[in-house]
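Trainee: Sequence order for the protein chains is W and F.
For what it's worth, the numbering used here labels the leading residue of the first sequence as 1, then goes sequentially.
For what it's worth, the numbering used here labels the leading residue of the second sequence as 1, then goes sequentially.
Just so you know, the hints here were simulated from the structure itself, not pulled from any lab data.
No experiment lies behind these values; they were computed from the predicted model shown.
By construction, the Cβ of each residue, glycine as well, lies at the ideal position given by its N, Cα and C atoms.
Careful: at least some of the hints might be erroneous.
To be verified - Short derived list, chain F residues pointing at chain W, Cβ under 8 Å:
no.: 1; residue: Lys39
no.: 2; residue: Leu93
no.: 3; residue: Lys97
no.: 4; residue: Gln98
no.: 5; residue: Asp100
no.: 6; residue: Gly160
no.: 7; residue: Ile164
no.: 8; residue: Lys167
no.: 9; residue: Gln171
no.: 10; residue: Val180
no.: 11; residue: Ile182
no.: 12; residue: Leu235
no.: 13; residue: Asp239
Said to hold, decoys possible - DSSO-like mimics (lysine-lysine), calculated; alpha carbons at most 30 Å apart, straight line:
no.: 14; chain 1: W; residue 1: Lys197; chain 2: F; residue 2: Lys20
no.: 15; chain 1: W; residue 1: Lys39; chain 2: F; residue 2: Lys20
no.: 16; chain 1: W; residue 1: Lys20; chain 2: F; residue 2: Lys167
Protein chains: 2
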Amino acid sequence: MENLRQTDQVIRGWLKEIRKDVLGELHDPLSVAEKSSRKDLVTNVDKANEKKIIKYIRELDPEAKILGEEGQGDRVTDMQGHVWIIDPLDGTLNFVKQRDNFAVMIALYIDGTGVLGYIMDVMRDIIYGGGPQLGVFNQSGQLPKPANISLKDGLLGVSGPMLIHDKYHLQAIDEASSGVRIIGSAGIEFIQVLTGKQNGYISHLMPWDFAAGKILAETLDLSVTKVDGTPVDMLSSNDVLVSTRDTHKDILNMIR
Amino acid sequence: MENLRQTDQVIRGWLKEIRKDVLGELHDPLSVAEKSSRKDLVTNVDKANEKKIIKYIRELDPEAKILGEEGQGDRVTDMQGHVWIIDPLDGTLNFVKQRDNFAVMIALYIDGTGVLGYIMDVMRDIIYGGGPQLGVFNQSGQLPKPANISLKDGLLGVSGPMLIHDKYHLQAIDEASSGVRIIGSAGIEFIQVLTGKQNGYISHLMPWDFAAGKILAETLDLSVTKVDGTPVDMLSSNDVLVSTRDTHKDILNMIR
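Please model the complete structure; the sequences and the hints are all you need to start from.
Mentor: Next up, the structure:
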């Protein structure tokens with residue numbers, strides 16, 4: 001691997017190629033299969049993207065381990081060494097039903113520390129990427145740290161099922177915010193928080209759903225923990241809270 | 001007033017001018033005031049847009065009555081003659097907190113019948129407009145009628161407060177759909193339904209929130225009624241359901 005800044009450019013190049021592939025499939029019929037339920041889908045595009053991203057990573061970083069949503073990578077049991085965590089198409093239900101509001105995400109962790117993270121909003125053609133050593137950039141420049149607004153002063157993104165089942169008193173938490181929003185893609189929700197358009201996001205997430213977002217959020221001084229305030233586990237599912245620091249305190253106070 | 005096709009072009013021209021004004025204000029501090037609550041806001045931009053749209057309408061159609069959200073129009077008590085219903089900035093909370101996901105809407109009713117409707121997604125720079133005699137167009141061409149999908153096969157947009165309070169068994173209705181989405185702007189939610197990205201939208205709305213969307217939706221064979229299936233009242237607030245015809249049946253069956 002080259003130095004970080006060069007690697008950053010290489011990964012952005014991969015994502016641009018993936019975007020071309022996805023746009024080429026947009027008007028063709030999709031091959032859609034259900035995974036755990038009718039709301040948990042996988043398409044031929046998810047699988048093709050993962051295959052291509054894994055090929056790119058193997059060429060760049062042959063010794064690394066790769067954890068991918070669709071299981072074409074490695075069986076990763078620890079975070080030692082180079083671990084790439086990829087979501088080849090996040091928000092598959094949106095992709096299938098809307099052809100909009102979906103993301104592609106790539107993250108590199110070295111010995112458990114987040115080094116590089118990327119979230120591409122495919123339809124808006126924006127890549128948010130970088131890490132603690134580079135900062136966070138999109139095509140328009142470096143992202144500033146979002147204002148540290150409190151729960152009541154911002155819009156909170158949530159998981160629909162968690163809101164409906166009132167997990168963690170989410171209904172009261174949402175009423176204490178300025179309003180609740182549901183987009184249906186963890187990647188796009190992370191972008192909303194990174195850009196200050198939402199003060200937080202709460203959802204049940206798998207590692208590939210939050211691996212890139214965590215790196216970018218922490219680089220911008222946002223908090224990323226489990227909803228109970230404890231550290232997330234990078235190798236299993238977690239109920240994740242990403243938010244400004246003040247919103248984080250406000251939410252933990254309402255949960256405890 | 002000229003013929004409908006010319007009027008259509010005139011109104012699109014107004015909206016382009018309004019968009020320039022709004023973009024010019026995007027990076028300036030807003031003057032924000034609370035109306036009924038801290039979640040019900042009005043800004044200097046809402047008011048300036050309304051003033052300008054009313055001026056445009058008075059020049060084009062001097063005898064018409066104008067119903068506008070910010071109250072600078074007329075006190076409209078019936079739908080006789082030409083009635084323009086305008087929302088100078090829909091999704092003000094999104095505008096204030098995100099500078100994204102807000103709309104400008106204009107509708108013309110003649111003797112109670114919807115004739116022309118326009119919804120502009122300001123940040124994506126798309127105007128959806130037309131009516132029963134013209135069809136619905138954006139810059140890319142004429143919109144096809146969305147597929148008549150059932151509740152279970154689509155994503156349903158809802159009002160956050162109505163979902164949290166489980167009005168009309170909305171929690172069960174949402175679980176019966178493919179997933180719930182909350183955007184926070186009636187105009188943008190109507191666009192999602194018009195373009196087939198959502199199979200429906202349910203919210204408590206004022207006339208300016210649904211006047212334009214109703215015309216466009218009905219032109220595309222979508223259903224627009226109160227949530228109980230009765231006709232909406234154009235001069236008061238309503239709990240509105242806009243959806244495909246099959247989703248409409250599915251939802252009414254769950255509510256009754």
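Trainee: Among all the numbered hints in the text so far, which are the ones the structure does not match?
Mentor: 8, 12, 13, 15, 16
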